[in-house]
Each structure stands twice: as structure tokens, then as C-alpha cells.
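Participant: If you want the building blocks of each chain, they are given just below.
2 protein chains.
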Amino acid sequence: MWNISLVGFGNVAQGLARILADKRERLAAKYGFEYRITSVVTARRGCLVNDRGIDPEMLLEAMERDGGLWGCEGAMVVDPLAAIKSSHTDILVETTPTSLERGEPGLTHIRTALKAKKHVVTSNKGPLVRALSELAALAQGSGVAFRYEGVIMSGTPALNLVRETLAGCDIGHVQGIVNGTTNFILTEMEKGKSYEDALAEAQRLGYAEADPTADVEGWDAAVKACIMAVLFMDATLELEDVERTGITDVTPENIQTALSRGKRIKLVAEVYRERGKVRAMVAPVAVPLSRPLAGVMGAMNAITYTTDHLGDITIVGPGAGRIETGQALLSDLLAIHRGYANGDHPARMPF
Amino acid sequence: MWNISLVGFGNVAQGLARILADKRERLAAKYGFEYRITSVVTARRGCLVNDRGIDPEMLLEAMERDGGLWGCEGAMVVDPLAAIKSSHTDILVETTPTSLERGEPGLTHIRTALKAKKHVVTSNKGPLVRALSELAALAQGSGVAFRYEGVIMSGTPALNLVRETLAGCDIGHVQGIVNGTTNFILTEMEKGKSYEDALAEAQRLGYAEADPTADVEGWDAAVKACIMAVLFMDATLELEDVERTGITDVTPENIQTALSRGKRIKLVAEVYRERGKVRAMVAPVAVPLSRPLAGVMGAMNAITYTTDHLGDITIVGPGAGRIETGQALLSDLLAIHRGYANGDHPARMPF
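First to last, the sequence lines map onto chains C and B.
Quick note: the first sequence, position 74, residue 1216 per the working numbering, numbers continuous.
Quick note: the second sequence, position 333, residue 1475 per the working numbering, numbers continuous.
Incorrect hints may have been included.
Below, a list of computed lysine-lysine pairs in the BS3-like style, where the Cα atoms sit at most 30 angstroms apart [to be verified]:
#, chain 1, residue 1, chain 2, residue 2
1, C, K1172, B, K1165
2, C, K1419, B, K1333
3, C, K1405, B, K1172
4, C, K1227, C, K1259
5, C, K1172, B, K1419
6, B, K1405, C, K1333
7, B, K1172, C, K1259
8, C, K1405, B, K1405
9, B, K1333, C, K1172
10, C, K1227, C, K1333
11, B, K1419, C, K1165
12, B, K1335, C, K1335
13, C, K1333, B, K1257
14, C, K1419, B, K1335
15, B, K1172, C, K1257
16, C, K1335, C, K1405
17, C, K1405, B, K1419
No lab work stands behind these hints, which were simulated from the structure alone.
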């Protein structure tokens, strides 16, 4: 029985709660995985603590009804750090809003949990881009798992594909479409829309935010490139090291010209070696139609890994969404349940 | 230190030996994986036994030089079952030639190993299509691992993608291009070749055998459909239950007509539910160009999994090859090393 503390209860944590509620019996039967949510802590939506377990269905109903947990029996104000360090927490699921500048408050939450020898599961990119190596070392030192499948492509297992199922391969080059918003905009522009109309459509559908800078200027893809550099090619890059060009200058004419030459313009995040150094870039690239990445349309994401033993391996799937990212968190919880730790040095892990 | 017995030493086992020789230090440093090849047993290429370990480089040199192991110091005749049951074997790597009719001799080798509480790693499809459920139960009863990543797409982790990294998802539908030979022939036909010329080219390049029946009549894909039905959808199908049509009647005109309608003809293996029953078929299908499978050309393979939490997830990669299948065996060895057993019920496994 795993005691889970949810810190943050926005879309992603609600997606996880939905799955946990719907699949309680199936997860127990198929994986022997049993859980108890012992605390839910949010900054603006209320908090709940119950050592005997909080029903995820009840949490979702409260959110649906009140937009928060204040109306629930036992609602109170809870210090997240106290909940994290509680003896009734085995695993922290950290999903507070991400901040790329300082990584807070997630960074402090995760650090506190790892120091207190709690496992951590997160989909929060900020703490990773700021302090992945430190946090990984902390987890290793404490003998706990620190997992974050959701940060690259939500539940599409871009990360564990390499760490677990491609174990033994070395990766020489990574090229990905890791931002669904910009891929959607480029797809719409290929159908004839202007950049402005395509962006407006993306905003209408909820793919793009009111301020679309993080997506269209390539920041989100650059963050993922940094994380991929550490994970797949053992290199620490600062976000500022990523050569970055967004899609704001791409025109429908560029797209048609590329197509007439058998290519399709995609916002590509790339991690590669140049004179022995690992480098990363994000830019609109004309990808030959014969490559799997060229066929990835709409809000879908994909990554091609160039490996020593297998050549190119490509994975295609969704890169965002409530249930999709909930699935990422679930897959990390199940990996911890299986006694499967941080990827690279599992043999040295105590479980 | 893992003691490995290689039974069968053809292309695939040589691919594994190549990797093990090249990456001995790296595997030890990165995964803590250390190995000793304690026996190599073949029916027609000679045998070697050495409890202190046989150098894989030396094995490869002997094959290169003599086409067999007879010239090696200590070469002898060895009963494979004795080598498998030896106290100096921890893991059997079974790669004898596959027989779809009876699954032998691999089936007896694997059964013997599992009964003797040895882990088993294989890329041999015959025993799986004939007795997967029996062998899985045997492994479970003995508390050992039985792994076979290589049977679907060689080292492309089609199988462990689902079992490990997509844990928690349910699969409702599987559609794959799982035979590289036929995909190569269809790709060549699209370029203008006749079926006969495309087949001859495939034979010239070593993709197709002198008797191409297993590939072009869809038997190989049907075998994989059966294995996928058990693994991904919990259903036991006989090879004879698979509705099967090969590519021998596909004409260049069919291919061009499909293309003019925005589709591409692919030999697709499909596992699906119909009125509550799991069914499988292999047939040439006109796949819309908007789907990732339509973009998979030449000898490449791909599978699209339709899941409940993520919608469609597609993996694209090689489906055959010496080093590629060697990588599949290696990834299984590393999974066993990490204490990761048979997939579905790891919590109940003793490791």
C-alpha cells in the first residue's frame, strides 16, 4: 500500500486522480499496486489530509462542483513541506505550476521530499531544467526514486523508452517535435491559413495560451532539449545555451516551397554532438517527407533517436493533455512499485 | 556476475556476442552488469564449455575464420540440455533456428531451463507461437524471468514499450507493419518495379529467402499477430485462427490507385476486438497517408497501439538484423539484471 501526497491539484493531478479512481481494482489485480491518497495540498484550491486515505472520486467531484476543495469535510490550511515530510507520505506527486526561471515552488517541494527519503514523481519541467543533476544525486543519496516521464511528451514514453527499453544502446543524436502548439499552427498554415489565423485557432482550441511566447518562440521546446541533453547524452546544458529560433517568421510561402521540394517545415528540437561537445538547438527545419517526423501532424509529438545498435527509432504520440499526463504520472508510480528506480544505475539502488 | 549459456550461435547470437565484447566495460560501469559466457552449444557449428568464461571476441574470430567453433581449444560435443541445467548457467540465451510447426528444438530447451529455474532470453518465435502461455506459467512457477523482446521487431522495443513504459494503459487495438521483407517489396513496387522484380531485389539484398513464402504469404506477420494478441490483449489465438492474405496478388496498379486516393498499401497485421472477442488478421490494407504507418518505407517496421489513456502511440524502427536482434537480447539481459521479470505481475515475482 503506497501512501501518496499530491502537491498541486490542477489539470494534470486531476487526470491522475481520474485514472486512479477508475482503475483501482484493475491496478491492484494486474500490478498488485494499491494506493492511499493521504494528502492533497494546493496554494489556492484548499487542502485535505487524511491518513486513512482520501477518495479521488470525491476530490474530482469537489473540483467540478466548487472549483476547489474548501467545501470538503476536513478541509484546512496545510504547509506543503509538512505534508511532504509526514510519516504518512511514501511518494510525493508534484504538479504545482511550473516556473522556468527559478523552478519554484516545485524545486523546494522535490528537494524536501528527496531529503526526507520520499520517492518523487513529477511532470513539472521548472525544477528539472534548473536542478536535474542535483535532484538526481539527492535521490541517489537517499536511495529513493525520482521520476518524471511526463516532462517531455506527457504519457508518450519518450523518456523511459530510452532509459528502460533501449537499455544498452547509446544515443548519438536526438531530433524531436516536442511542442504540440507550434506543430498544430504549422499544420494549419499548410492548409492555407496565415500564421495569425492559425495561432488564433490554436488559442480557440486551448492549445495555445493567451500569451503564446513560450510556445511560438521555442522556449518550451528548448527546455525539453535541455532535459533530453542530460537524460540521453549525459550533458548539462543551460536553457540559455540552446540556439533557439521560433516559428513567428515562418510564412505559408516557406511551407509551400519546402513541400514542392519534398520537405515539410517542422519546429525541431535537436541534441547532437559537435567536435566532442553536446549542443542543442530549436529551429524550424525542412524535414524530408521520407522521415517519420515529417508525417507528424496537428498537436501530435514525436522523437527520433539515432542509436548505435538500431539506427533510428521513432516514437509518435500525444505531447499534452489531462489524462495523457496523468498516465505519465501513473507509469512512474507503477515503476516505483516495481522497484524500478532512476534509470542509469539501478543495480546500485537499494530496490 | 551472470553466467550465460548460449544455445544456438547463428547471426543473432553473434550479434549479441559482438555487443557484449565491445561494451563489456560500458555495461559494467553504466548498469553494473557483468557477465561470463560459460557455454556455447550448437548443433552444427561445434560447442565450448568453460566455467571461467569464454571470450566472445574469440568466438567471433573462430566463426569468421572457420565458420564454426571446432578449431577452438576445448571444443567438444555437448548435450544442450546438460549445458542448460548446469550449475554454471544462470541465463539461457536461446537462438536455435525457429520452427513454426512444432517450435523445436527451442521449445524443449526453454522448457528445460525454466523447470531448472534458469532465466531465459530468446528471439525464437516458434516456441512462443506454440506454447507462450505454458512457458509464461512455467517461468512464474519457477520464479524466473522469461523474456523475448526480439520476436516482434528485433531490438525496436515494441513489446517492452507496452509492458513496461505504457504500464497502466489498456490496449484496445494494435496495427503494425511487422514484416520488413514485404514492406520493402511494396516500397520498390511503388517506385515502378513489378512484384517479381521487387522480390528478386529483396532476395539479392538478403531481405527475402530463396523460398519467400513465409514472408510474402503473411505467415511471419501472422505469427507476430498471435504473439501480440497474447501479450497486449490477453487472448490466446492459434496461428490458424489468423485471417491471412499475403501480398502476391498486389499489383503496381493497386498501389498507384491507392496513392491517387491519398492512401498507401501496406501489409498490416491487426489485432482487434469484435463482439467481445479478440481477433487477428494480416492483409494488404490501403492506409491513409495521414497515419504514421503509411510513412514507413523500405525494410522498416512500425506498430500503432490504440490505448485508453493516450490514444494512438506509434513506434518505428528496424525489424531485423544481426546487431539489432542482438540488442533485443541485450535489453532482456539488462532487464533481468535490474530484477525485472515477466511484465504483468512483477509485484508477485521474487525479484
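Participant: Are the hints correct? Go through all of them and say.
Facilitator: Taking the hints in turn, this is what the structure says about them:
For the proposed pair K1172/C and K1165/B, the alpha carbon gap of about 36 angstroms is over 30 angstroms, so the pair is violated. Restraint check: the Cα-Cα separation between K1419/C and K1333/B comes to about 40 angstroms, which exceeds 30 angstroms; the hinted pair is violated. Taking the CA atoms of K1405/C and K1172/B, the gap is about 39 angstroms. The hint is violated against a cut of 30 angstroms. Restraint check for K1227/C and K1259/C: the C-alpha separation of about 9 angstroms stays at or below 30 angstroms, so the hint holds.
Between K1172/C and K1419/B the CA atoms are separated by roughly 20 angstroms; this keeps the pair inside 30 angstroms, and the hint holds. Of the pairs offered as hints, the one joining K1405/B and K1333/C holds, with about 19 angstroms between alpha carbons and a cut-off of 30 angstroms not exceeded. For the given pair, K1172/B sits about 24 angstroms from K1259/C by alpha-carbon distance, which is consistent with the 30 angstroms threshold. Distance restraint check for K1405/C and K1405/B: the Cα-Cα separation of roughly 19 angstroms lies within the 30 angstroms cut-off, and the hinted pair is therefore satisfied.
For a cut-off of 30 angstroms, the pair hint linking K1333/B to K1172/C is broken: about 47 angstroms separates their Cα positions. About 53 angstroms separates the Cα atoms of K1227/C and K1333/C, which puts this hinted pair outside 30 angstroms; it is violated. Straight-line distance between C-alpha atoms of K1419/B and K1165/C comes to about 22 angstroms, which keeps the hinted pair within the 30 angstroms bound. Taking the CA atoms of K1335/B and K1335/C, the gap is near 39 angstroms; set against the 30 angstroms cutoff, the hint is violated.
For the hint linking K1333/C to K1257/B, the alpha-carbon distance of about 61 angstroms lies beyond 30 angstroms, and the restraint is violated. With a C-alpha separation of about 45 angstroms, the suggested pairing of K1419/C with K1335/B is violated against the 30 angstroms cut-off. At most 30 angstroms may separate the alpha-carbon atoms for a hinted pair to count; K1172/B and K1257/C meet this at roughly 24 angstroms. Proximity of K1335/C to K1405/C is assessed by CA-CA distance (about 19 angstroms); at most 30 angstroms being required, the pair is judged to hold.
With a CA separation close to 43 angstroms, the supplied pair K1405/C and K1419/B exceeds the 30 angstroms bound.
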